[in-house]
Amino acid sequence: MTGDNPAPAMPSAPSAIEAADGVGERLLTFSYLGWWFSCAAQQVDAQTFRPVVFCRAHGGVDVEGPEHRLPPDTDNVAYGSEAEALRHAEQQAIRWAHDRTGDGQGRF
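Each residue of the sequence shown is one higher than the one before, starting from 74 at the first, in the numbering used here.
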């Protein structure tokens with residue numbers, strides 16, 4: 074990556090995603106342990122993708138509360154494929170939920 078072509082800005086929420094954000098069309102959305110997650114892969118350059126995870130609490134059938142973007146959980150936030158970055162985003166969401174429910178074991 075050069076200074077001539079800066080990485081796209083990280084979207085603040087799924088509702089703020091636009092084509093210019095570099096986030097692929099795939100948005101993996103699921104509920105887990107009382108949280109609603111939306112995961113995506115943001116294209117940084119021609120060969121690199123980074124995971125993006127949004128969450129909000131949900132109660133019963135309805136999703137409640139504001140959307141929050143999780144910070145990167147590792148220094149290595151660049152992956153060689155969209156699928157790899159999306160898989161990491163899903164794993165990050167699951168670990169994040171376990172860390173907040175008292176089960177820090179992160180079982181999958």
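Hints in this document: simulated from the structure, not taken from any laboratory.
Hints should not be assumed to be uniformly reliable.
[What the hints assert, rightly or not] Per label pair, the in silico range of CB-to-CB distance: (1) 105 / 139: 32 to 38 Å; (2) 172 / 120: 19 to 25 Å; (3) 144 / 103: 18 to 24 Å; (4) 139 / 119: 30 to 36 Å; (5) 105 / 147: 15 to 21 Å; (6) 153 / 106: 27 to 33 Å.
Even for Gly, the Cβ is constructed at its ideal location relative to N, Cα and C.
Structure-based check of all given hints:
no.: 1; hint: 105 / 139: 32 to 38 Å; result: violated (18 Å)
no.: 2; hint: 172 / 120: 19 to 25 Å; result: violated (31 Å)
no.: 3; hint: 144 / 103: 18 to 24 Å; result: holds (20 Å)
no.: 4; hint: 139 / 119: 30 to 36 Å; result: holds (34 Å)
no.: 5; hint: 105 / 147: 15 to 21 Å; result: holds (20 Å)
no.: 6; hint: 153 / 106: 27 to 33 Å; result: holds (30 Å)
When the structure is compared with the earlier hints, violations turn up for hints 1 and 2 and for no others.
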